[in-house]
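From first to last, the protein sequence lines stand for chains A, B and C.
First residue of the first sequence: 162, per the working numbering; consecutive thereafter.
First residue of the second sequence: 136, per the working numbering; consecutive thereafter.
First residue of the third sequence: 16, per the working numbering; consecutive thereafter.
Don't take every hint at face value.
Some residues of chain B that are not near chain C, with every Cβ distance over 12 Å (derived) [to be verified]:
| no. | residue |
| --- | --- |
| 1 | Val143 |
| 2 | Phe220 |
| 3 | Phe225 |
Now the stretches of chain C that chain A is said to cover, found in silico as 3 or more residues with beta-carbon under 8 Å [as the list claims (entries may be wrong)]:
| no. | stretch |
| --- | --- |
| 4 | 30-39 |
| 5 | 131-144 |
| 6 | 274-287 |
None of these hints come from the bench; they were simulated from the model.
Just so you know, even glycine gets a beta-carbon here, dropped at the ideal spot from N, CA and C.
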Amino acid sequence: MRSSNAITKTTAIIIAVIVIIAAIATGIYFYLGTTSVSPTAKEIPTGIKIGLLTHVTGPASPTGLDILRGFQLAVEEINAQGGVYVKEFDKKLPLIPIIEDQQSDQQQTINAASRLVNQHKVDIIVGGFGSAFIYAAQPVIAQSQTPYVITGVSTPRVVTRTDIDVSWFVLYQATGPEHGASIALILAEAVKPAVAPNRNLRVAIIYQDSPFGQDFFEGINKTTNEKNLPLTFVYIGKFKVGETDFRALLSAAAAAKPDVIVPIGFIAETINSIKQGVNELGLKKIWGPVCVCVEDVNYYKNLGKEGDYSLIQTYFGPYHSHPSVRDKLKNFINKFKERWGVLPGSQGLSVYDAVYIAAKAIEIAGSLDKTKIRDTLRSMTIDQLLTPVPGGKIHFGSKGQQGFDLYGVQLRWDENVKELRPKIIWPSSIAETRFEVPPDFQSGE
Amino acid sequence: MNKKFTKVQIIVIALILILPFIFPDPYYLQLFSMILMFSIYAISWNILAYSGQVSLGHAAFLGIGAYSSVLLVKNLGLPVLATIFIGPLFAALIGLGLGLLVLRLREWFLSMVTFGFSVIVQAIVVDDRMRFLTDGWNGLFAKPFVSSLFPYHQLLNYYIIAIITIVVYISSSLIFNSRLGYALRAIEENETLAKISGINATYYKVIAFTISTYLAGLSGAIYVHGITLFVSPEIFNIQNSFWPLIFTLAGGIKTTEGPILGAFLIWLAWTELSRIASYYALIGVGILLVIIIVFAPKGLYSLIFKIISNIRGKQT
Amino acid sequence: MEFFLIFDPELASRIIFWGLIIGIIYSLLALGLNIIFGVMKVVNFAHGEIMITGAYLTFFISSFFSINPLFTIPITMLVIGLIGMGIERTFFRPIKGTSKLNEIFISIALILIIQNILAQTILEVNKEIKPVRITTPYTYSFAEFGSFRLPYDYLIILVAAFLFLALFYTIIIKTSFGRRLRATSQNRNAAELMGINVERIDMISFGIGTSLAAMAGSFLGIITHFDVYSGTLPAIKAFAIIILGGLGSIPGAIIGGLILGLAENFAAVILGGAWKDAIAFLILSIVLILKPSGIFGKE
Numbered sequence: 162m163r164s165s166n167a168i169t170k171t172t173a174i175i176i177a178v179i180v181i182i183a184a185i186a187t188g189i190y191f192y193l194g195t196t197s198v199s200p201t202a203k204e205i206p207t208g209i210k211i212g213l214l215t216h217v218t219g220p221a222s223p224t225g226l227d228i229l230r231g232f233q234l235a236v237e238e239i240n241a242q243g244g245v246y247v248k249e250f251d252k253k254l255p256l257i258p259i260i261e262d263q264q265s266d267q268q269q270t271i272n273a274a275s276r277l278v279n280q281h282k283v284d285i286i287v288g289g290f291g292s293a294f295i296y297a298a299q300p301v302i303a304q305s306q307t308p309y310v311i312t313g314v315s316t317p318r319v320v321t322r323t324d325i326d327v328s329w330f331v332l333y334q335a336t337g338p339e340h341g342a343s344i345a346l347i348l349a350e351a352v353k354p355a356v357a358p359n360r361n362l363r364v365a366i367i368y369q370d371s372p373f374g375q376d377f378f379e380g381i382n383k384t385t386n387e388k389n390l391p392l393t394f395v396y397i398g399k400f401k402v403g404e405t406d407f408r409a410l411l412s413a414a415a416a417a418k419p420d421v422i423v424p425i426g427f428i429a430e431t432i433n434s435i436k437q438g439v440n441e442l443g444l445k446k447i448w449g450p451v452c453v454c455v456e457d458v459n460y461y462k463n464l465g466k467e468g469d470y471s472l473i474q475t476y477f478g479p480y481h482s483h484p485s486v487r488d489k490l491k492n493f494i495n496k497f498k499e500r501w502g503v504l505p506g507s508q509g510l511s512v513y514d515a516v517y518i519a520a521k522a523i524e525i526a527g528s529l530d531k532t533k534i535r536d537t538l539r540s541m542t543i544d545q546l547l548t549p550v551p552g553g554k555i556h557f558g559s560k561g562q563q564g565f566d567l568y569g570v571q572l573r574w575d576e577n578v579k580e581l582r583p584k585i586i587w588p589s590s591i592a593e594t595r596f597e598v599p600p601d602f603q604s605g606e
Numbered sequence: 136m137n138k139k140f141t142k143v144q145i146i147v148i149a150l151i152l153i154l155p156f157i158f159p160d161p162y163y164l165q166l167f168s169m170i171l172m173f174s175i176y177a178i179s180w181n182i183l184a185y186s187g188q189v190s191l192g193h194a195a196f197l198g199i200g201a202y203s204s205v206l207l208v209k210n211l212g213l214p215v216l217a218t219i220f221i222g223p224l225f226a227a228l229i230g231l232g233l234g235l236l237v238l239r240l241r242e243w244f245l246s247m248v249t250f251g252f253s254v255i256v257q258a259i260v261v262d263d264r265m266r267f268l269t270d271g272w273n274g275l276f277a278k279p280f281v282s283s284l285f286p287y288h289q290l291l292n293y294y295i296i297a298i299i300t301i302v303v304y305i306s307s308s309l310i311f312n313s314r315l316g317y318a319l320r321a322i323e324e325n326e327t328l329a330k331i332s333g334i335n336a337t338y339y340k341v342i343a344f345t346i347s348t349y350l351a352g353l354s355g356a357i358y359v360h361g362i363t364l365f366v367s368p369e370i371f372n373i374q375n376s377f378w379p380l381i382f383t384l385a386g387g388i389k390t391t392e393g394p395i396l397g398a399f400l401i402w403l404a405w406t407e408l409s410r411i412a413s414y415y416a417l418i419g420v421g422i423l424l425v426i427i428i429v430f431a432p433k434g435l436y437s438l439i440f441k442i443i444s445n446i447r448g449k450q451t
Numbered sequence: 016m017e018f019f020l021i022f023d024p025e026l027a028s029r030i031i032f033w034g035l036i037i038g039i040i041y042s043l044l045a046l047g048l049n050i051i052f053g054v055m056k057v058v059n060f061a062h063g064e065i066m067i068t069g070a071y072l073t074f075f076i077s078s079f080f081s082i083n084p085l086f087t088i089p090i091t092m093l094v095i096g097l098i099g100m101g102i103e104r105t106f107f108r109p110i111k112g113t114s115k116l117n118e119i120f121i122s123i124a125l126i127l128i129i130q131n132i133l134a135q136t137i138l139e140v141n142k143e144i145k146p147v148r149i150t151t152p153y154t155y156s157f158a159e160f161g162s163f164r165l166p167y168d169y170l171i172i173l174v175a176a177f178l179f180l181a182l183f184y185t186i187i188i189k190t191s192f193g194r195r196l197r198a199t200s201q202n203r204n205a206a207e208l209m210g211i212n213v214e215r216i217d218m219i220s221f222g223i224g225t226s227l228a229a230m231a232g233s234f235l236g237i238i239t240h241f242d243v244y245s246g247t248l249p250a251i252k253a254f255a256i257i258i259l260g261g262l263g264s265i266p267g268a269i270i271g272g273l274i275l276g277l278a279e280n281f282a283a284v285i286l287g288g289a290w291k292d293a294i295a296f297l298i299l300s301i302v303l304i305l306k307p308s309g310i311f312g313k314e
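Please put together the full structure from these sequences, using the hints given.
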């Protein structure tokens, strides 16, 4: 077959050169054609294209579905009111939602982002989950100069990296360092005085070996060192993503005689570690504050009595809320439940807010010009939405990030509902009650 | 050695070169860049499979090549276009070592050891003692081939990847038709017989391992400098080890064009189906894979040839 | 990391106990794979997905009909065994004899199909696909020995698994069916000449293998949370176990599983969490490099 297919080198080169020249000629024609066709400014669009990046499939899809639902609810609400008023066209335009699937995969996240900006040519993007995915998608989005309100990343590096133009991105989420700081402060200000008034609090940390876990842990460590907090880390252990068996790790942590064990992981990991520690290893310690990502009605249902006296560091949950957003949040939770049959999680809430932030930015900019939207996103100051933010005002500014007002809750067993229920214990300005030491608590000393 | 290009090769090369103009859309430019990177990766896997050694952990070398290249740029300030070729040397060096260690292993024992190797490398990269170099799970940002300030930089980026792909593709067909290729085929068919007829099986198998891991490293370097601009320990994930196997088998194992054909068809089908954004899309991909392998157990490339020769047979 | 800790006898005994629990699950998984591999020489990477299907089946049957999950396990095993036979016929038989690689290819396709069918089904039933756990009537009760707590669930699992393995071993060694199975496993052509219907043995052995996976999955679901994606890696580790324990060897698979459970727990404590997955392959690589045919293999 080889010899019959073979043609001489010269013929080959000639054919190749002809093909390439022809190709480049048609290509340049096409490229000039496509680049010169830009929508004329006066043409009124049928709506505002708002893109969502989320994981509809793959291992990240449990959270991805929450994001999808929060997004759709917000879009439906805004459209029910006729859409967003855009001054440029003197008209209310409906939101056209465009959802692309990240598939819990880096390559497919790039493809999804590329479809949003290059094919659908969306006006603004919201959502996205997982830092390693978003990092890889950012160059494509920055390249297309599309504004993007990121919600599902806890690392500030998405808005501080220098290799691409990050002015197109804003991060609406509490970062790892912020979470870590408030975990450390809850331990130092609420737990330490009650448990170890005359010495340092002995803390064991077990965290998920992932960007998320690393971020949180570094935040705790940094705040403790910077503020010189009275905390001693007696044990630091890591577990892999999706770990289900914490017995060995917790046994080792217990051997280091801690007062407090802080598991940093996703919801199932947190439940498993506390249940295994309390129920199977019989560790009578203080648990938490654990991550806000456990805030889900299932956490309260599944953790059971083992979670009595444990702590969560949070900004939103199904059974508690910051006083400044309490009524609005209750309304949102009811609507979400009615629409989807399940309760929202913290990511669903963030992206719900992000849709409103995007709408607000377009309204204030009065235009669908992407540069104007970007500049407005960075410069505008608006009232907080459903997530409590410091000072009650959302402002991204030159930093490009808006953090949340984090607080601490302690869970207590409620005999009436046979489930755990939370009470705010930190900071003292909004605390409903004081931190309580479990009666069977065994001190680390 | 036969230095003439075949018709098929010219078609493949011409297609790679004119693709951006058939689909003049930045989305497809991005998508095809990714597919070409996967083609190199699949070709590298195919060269190893040619010698009868099946790797299920090629992501290890993809990642090592990527990390080495990024670190060379970051710490020594070398230009990207140099490091993408120097970095994979490190992958090849490790590949050489592993190749020597696994020489005596039976076919899928070797597969399991290579699979394990990718898990072990990931554990090393995220280990606290390596943080100073790899920054753990944070990962490292990578410089692009062409600065985004450059006009037509996406097109240039595509052509850089395209030219490397063409060179790798032509080299792989040269390898298959060289002394090395014949030796590998003889070893794959019957190692004992090959040894009796005077072929140094050890030597050739290790050479295949080294070349393959170099090319895997090269595709990793292209991946991070040309597509993601970022490298993190997720690059060692299982699916990245499975991709080259899927592409090569679907396209046609032990053919030079099979890996490229497989990468194009499977990745395009997967990506376009994922527009549905539901679990049904992935069920569809799974069923598609089953259909391909049941109806074309030797891959789509040989199926196409079968169809073509059938048509020709009817005409004459 | 904290190497000295393992010399603490109390801690060490705990690590050993918890290692045995997870180890018995690996044993069941590896045993199922080993039967399939021994008889059919098929490499099925989708074994972990079949295990998770079993776990979900037990979860749904026991929660919908409020039956003790320990009693639903036999039903689950039967159903999954039948599904396994179907999988053998529709997926593996058509490509039999083409190449070992095609089997790996088809099992990767199977992983995709099973995971996503499961996810879609659970989404429609539960409206979300968050990790779940099977609860038994004994979930909150445990026997106490000093500071040592043994939840009843775990004791039941250990006893049930060992009893089952003993029974299974007897069937394979003593019955005529077992002899036919072993004959096919040792020499397929000879078995065929002896009048054994090897295709039927193939299908049955696939069914047995998958129902063992279903048992492993149900136990896993009782001791921890699981979701659609928790099965892939344990199955690949199970391959490492059967290589170490010897292809086709039943005691090898059981002991190998237990050893891996122990090794993983010690690795997590001593080396750190990332090494928990890597340790299985580290052991495998070292053993194979020193002795390329495996611990019990013939040179």
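How the hints compare with the structure:
No Cβ of chain C comes within 12 Å of the Cβ of Val143/B; the nearest lies about 23 Å off, and the non-interface call holds. For Phe220/B, the condition that its CB be more than 12 Å from all CB atoms of chain C holds, with the nearest at approximately 29 Å. Distance to chain C confirms Phe225/B as a non-interface residue, since its nearest Cβ pair spans about 20 Å, more than 12 Å. Only residues whose beta carbon comes within less than 8 Å of a beta carbon in chain A count, and the stretch 30-39 of chain C has 4; three or more means the coverage holds.
With 6 residues bearing a CB less than 8 Å from a CB of chain A, the stretch 131-144 of chain C meets the requirement of three and the coverage assertion stands. Chain A is given as covering the stretch 274-287 of chain C, and this holds because 5 residues of the stretch bring a CB closer than 8 Å to a CB of that chain, at least three being needed.
In this structure, none of the earlier numbered hints is contradicted; all agree with it.
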